[in-house]
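S.K.: All chains, please: the whole structure from these sequences, using the hints.
Spelled out, the chains give:
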Amino acid sequence: MTKKLAKWSLKDVIMVGITALVFGVIYLGAVHVGVYLGVLLTPVGLAVLANEFIFGVWFMAAAFAGYVIQRPGAALITEMIAALLEVFMGNFYGPIVFVSGFVQGIGTEAGFMSNGYHRAGWPQLIIGAIAATVTSFIWGIVRASFSGLQWQLLAAIFVIRLLSALLFSAVIVKVVCDRLAKMGVLSNYPSGATQR
Amino acid sequence: MRQLNPTVKFSVILLVGLIVSFQNNLRLNLILVILFATITAVYLPILKWLRLWLWLSLAAIGVFFSGYFFLQEKTVGGQWYGWHLSGQTRYGLQLATRIYSFGFLGASFAATTTLPALIESLQQQLHLPPQFAYGIMAAFHVAPLIPPVYRQTQLSLWSRGLSAPWLSARLMTPLLVKSVRWSEILATAMISRGFTAEAPRTHFKKYQIQWFDWLFAVSLIGLTVGVTFWKSF
Numbered sequence: 000m001t002k003k004l005a006k007w008s009l010k011d012v013i014m015v016g017i018t019a020l021v022f023g024v025i026y027l028g029a030v031h032v033g034v035y036l037g038v039l040l041t042p043v044g045l046a047v048l049a050n051e052f053i054f055g056v057w058f059m060a061a062a063f064a065g066y067v068i069q070r071p072g073a074a075l076i077t078e079m080i081a082a083l084l085e086v087f088m089g090n091f092y093g094p095i096v097f098v099s100g101f102v103q104g105i106g107t108e109a110g111f112m113s114n115g116y117h118r119a120g121w122p123q124l125i126i127g128a129i130a131a132t133v134t135s136f137i138w139g140i141v142r143a144s145f146s147g148l149q150w151q152l153l154a155a156i157f158v159i160r161l162l163s164a165l166l167f168s169a170v171i172v173k174v175v176c177d178r179l180a181k182m183g184v185l186s187n188y189p190s191g192a193t194q195r
Numbered sequence: 000m001r002q003l004n005p006t007v008k009f010s011v012i013l014l015v016g017l018i019v020s021f022q023n024n025l026r027l028n029l030i031l032v033i034l035f036a037t038i039t040a041v042y043l044p045i046l047k048w049l050r051l052w053l054w055l056s057l058a059a060i061g062v063f064f065s066g067y068f069f070l071q072e073k074t075v076g077g078q079w080y081g082w083h084l085s086g087q088t089r090y091g092l093q094l095a096t097r098i099y100s101f102g103f104l105g106a107s108f109a110a111t112t113t114l115p116a117l118i119e120s121l122q123q124q125l126h127l128p129p130q131f132a133y134g135i136m137a138a139f140h141v142a143p144l145i146p147p148v149y150r151q152t153q154l155s156l157w158s159r160g161l162s163a164p165w166l167s168a169r170l171m172t173p174l175l176v177k178s179v180r181w182s183e184i185l186a187t188a189m190i191s192r193g194f195t196a197e198a199p200r201t202h203f204k205k206y207q208i209q210w211f212d213w214l215f216a217v218s219l220i221g222l223t224v225g226v227t228f229w230k231s232f
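For the record, the sequence lines run as chains A and B.
If you're matching positions, the first sequence starts at 0 in numbering that gives the first Met the number 0 and goes up one per residue.
If you're matching positions, the second sequence starts at 0 in numbering that gives the first Met the number 0 and goes up one per residue.
Below, a list of computed lysine to aspartate or glutamate pairs in the DMTMM-like style, where the Cα atoms sit at most 25 Å apart:
#1 A:K3 x B:E183
#2 A:K6 x B:E183
#3 A:K3 x B:E197
#4 B:K177 x A:D177
#5 A:K6 x B:E197
#6 A:K173 x B:E183
#7 A:K181 x B:E183
Keep in mind that the hints were calculated from the coordinates and are not lab data.
M.R.: Below, the structure is given as structure tokens:
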């Protein structure tokens, strides 16, 4: 494990770290929206749905890094660094967030793994979004103990999370990355090199 | 808590969180909430502590009603320390107390640990490669630059009469261009100053695992496992 990590370059680590932060900061800004929405949904008992609408934001850092760097482990490590930094930026759930980071990262990673990290495009991002939804859903059931809930509500959680993941971590990431590649910002990275 | 080895503290709290996750134990949740709410009260300023209660309560109350209204099968309730709880209330309480126990476990870690301390300790105890250690710390200190740049981009779009909803590609692009540039500049700066991952490294502060780390680990995990196997409600 440490030997594989040792092959990373400093530039990639910092890039991954800053990316994780950018998405983290934006997410923290939106956390208020999630809480208020949750309060509004509380009287009908649907507060658990509030976060689902923005759930895809959590996969964005992993999808972005995986898409840009295209190297085994990029998505997973980014998501875990993002989780670690989130703990110190004021996510009060603390170390347990690290497990969520691992679970979401491994899902997104599956997308890029699907074709052996050769080329990343729509299929990889979409597979990643779906896989991350599935893995995070399973972990969510364990962590939040939703196994006792009615299946209709669980299905609603799953569908909303999936749509959110597809929008944020596939569509927006793809659009933004392609723009960056066109501008030449990513010319030092595999995804930028193939675009030009 | 401050004196504990950060790696040990991180792992133990993570493990306790996992043990809590894999069961529905109201008693365990309550014990952990009381214990760690007390610990965080020692380390956090009172206003921050109260705000933590507020945020956790907003989440917990929402989850309580979700559990209350949408319980799968209406299980029968029972007596709990002389209180009669219906199945719905019990499930709701299990979900809600879990939010509090995660919240206070996490807050007790965050309030007593700094990122550099954890990174240093991860390097010394778990052999985290130096480029990760220093890369993460470098990235972390870029954080204060992000909100102003975000705001700036937003304002410059508005001044041109363009709207940009939160997280739109229009807003994200300039921010990510900056991130890629920042990372290149930072890495170049660090390497030009002689940063290398290969050379042997000495440490200003030595982190070791001492007897009180073992005591903390064994007693907290022992308590959690003990309560788990105590005739559960």
